[in-house]
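A.B. asks: All chains should be modelled from the sequences, with the hints used to inform the complete structure.
So the sequence lines, in the order shown, correspond to chains A and B.
Residue 110 in the working numbering sits at position 110 of the first sequence, and the numbers go up by one each step.
Count along the second sequence from 1, add 148, and you get the number used in the working numbering.
Don't read these hints as lab results, they were simulated from the structure.
Heads up, some of the hints might be wrong.
[To be verified] Derived lysine-lysine pairs resembling DSSO-like cross-links, with alpha carbons at most 27 Å apart:
hint, chain 1, residue 1, chain 2, residue 2
1, B, 152, B, 220
2, B, 233, B, 220
3, B, 243, B, 233
4, B, 263, B, 251
5, B, 243, B, 189
6, A, 103, B, 234
7, B, 251, A, 103
8, B, 189, A, 103
9, A, 131, B, 259
10, A, 103, B, 233
11, B, 234, B, 220
12, B, 220, A, 103
13, A, 131, B, 234
14, B, 243, B, 259
15, A, 63, B, 243
16, B, 243, B, 220
17, A, 103, B, 152
18, B, 243, B, 192
19, B, 251, B, 189
20, A, 131, B, 243
21, B, 259, B, 220
Nothing here was measured: the structure is a model prediction, and the numbers come from that model.
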Amino acid sequence: MSGNRVSYTLDSTLETVNNAEETAGRMAAEAGFDEEDVMKISMAVREAAVNAVMHGNAYSSAKKVTLEFERTDRDLVITIRDQGPGLDASNIPDPLAPENLMKTSGRGIFLIRSFMDVVEIHPSQSGTEFKMIKHVRGSATDAKEASQ
Amino acid sequence: MTMKSSTRQVDGVTIVDLSGRITLGEGSVVLRDTVRDLLSKGHKKILLNLGDVNYIDSSGIGELVSAYTTSKNQGGELKLLNLTKKVHDLLQITKLYTVFDVKDDEANAVKAFSK
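C.D. replies: Shown next, in the form of C-alpha cells:
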C-alpha cells in the first residue's frame with residue numbers, strides 16, 4: 001500500500017522547533033498513536049529540531065531545516081535534515097555516565113533514542129539527517145511479533 | 149503555553165510555583181533568572197514546585213541541573229516538589245531522579261530543609 005508523505009522547509013529559528021513539535025504531535029495523533037506515544041514522538045522531533053536549528057545550522061538565516069513525515073501501514077517515519085557541518089556521530093557522550101550526569105546539556109539525542117523505535121543519524125559535509133521511526137501498534141509487524 | 153513563575157516564603161523556605169513548559173528559550177530563561185535572582189538576594193533554601201509544569205525538554209532538564217548545582221555551589225539547597233508523571237519519568241530515564249531531592253508534600257518538603 002502506498003504511504004503518505006509531507007515535507008516542510010523551515011527557517012533556523014526557535015519557532016521552527018515549536019512548529020516541528022506541534023506538527024509531529026498532530027501527525028502522530030492522526031496516525032493513531034496513544035497519548036503517551038504522541039508525547040514521545042513530539043518530544044523526539046522537538047529534540048531533533050533543536051539539534052538542527054541550534055547545533056547544525058547555528059540559527060543561520062541562510063540555512064534551512066527540512067522536516068518530513070511519512071506514514072506507512074507499519075510506521076511513522078520522520079526525517080529532519082539541517083545544512084550544518086555534519087554531526088560527529090562517533091563522538092556523542094553518554095549522558096548517563098557518572099562524569100556526564102550533572103552536565104547541563106547533551107541529553108537530546110539520548111531522549112530521541114529513548115522515545116523512538118529506530119533512530120538513524122546520517123552526517124555528511126552538507127548537513128546531518130536524523131531518521132526516526134515509530135512502529136504503529138497493531139500493525140502487521142506487531143501482530144506477527146505477538147504471535148511468536 | 150509559556151512558563152510562569154511566582155515565589156512565596158514559608159518558614160524561611162522560598163517556594164517557587166512554576167507552571168507551563170520548561171523548554172529551550174523563554175521557559176528555561178525564566179527558571180534560570182528566578183533561581184539566580186533568589187540566590188543573589190540571599191534566599192538559599194529553594195523549593196521548586198513543578199506541579200503545574202506539564203512539559204519539559206532536554207534544555208529544561210539541563211536548567212534544573214544548573215539550578216541545583218548553582219544553589220549547592222553557593223551554599224544553598226534546592227529541592228523539587230510535586231513532579232507530574234511526565235517530568236518524573238524524564239528524570240527517571242535520565243538517572244537524575246535520585247540526584248534531586250524530590251518531595252510530594254509541601255509541608256514535609258519545607259521541614260526537610262536544614263535549619
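A.B. asks: None of the hints should be skipped; say for each whether it holds.
C.D. replies: Going down the list of hints, with the structure as the test:
no.: 1; hint: B:152 to B:220; result: holds (24 Å)
no.: 2; hint: B:233 to B:220; result: holds (26 Å)
no.: 3; hint: B:243 to B:233; result: holds (15 Å)
no.: 4; hint: B:263 to B:251; result: holds (17 Å)
no.: 5; hint: B:243 to B:189; result: violated (31 Å)
no.: 6; hint: A:103 to B:234; result: holds (21 Å)
no.: 7; hint: B:251 to A:103; result: holds (23 Å)
no.: 8; hint: B:189 to A:103; result: holds (26 Å)
no.: 9; hint: A:131 to B:259; result: violated (48 Å)
no.: 10; hint: A:103 to B:233; result: holds (23 Å)
no.: 11; hint: B:234 to B:220; result: holds (25 Å)
no.: 12; hint: B:220 to A:103; result: holds (14 Å)
no.: 13; hint: A:131 to B:234; result: holds (24 Å)
no.: 14; hint: B:243 to B:259; result: holds (26 Å)
no.: 15; hint: A:63 to B:243; result: violated (35 Å)
no.: 16; hint: B:243 to B:220; result: holds (19 Å)
no.: 17; hint: A:103 to B:152; result: holds (25 Å)
no.: 18; hint: B:243 to B:192; result: holds (25 Å)
no.: 19; hint: B:251 to B:189; result: holds (25 Å)
no.: 20; hint: A:131 to B:243; result: holds (26 Å)
no.: 21; hint: B:259 to B:220; result: holds (18 Å)
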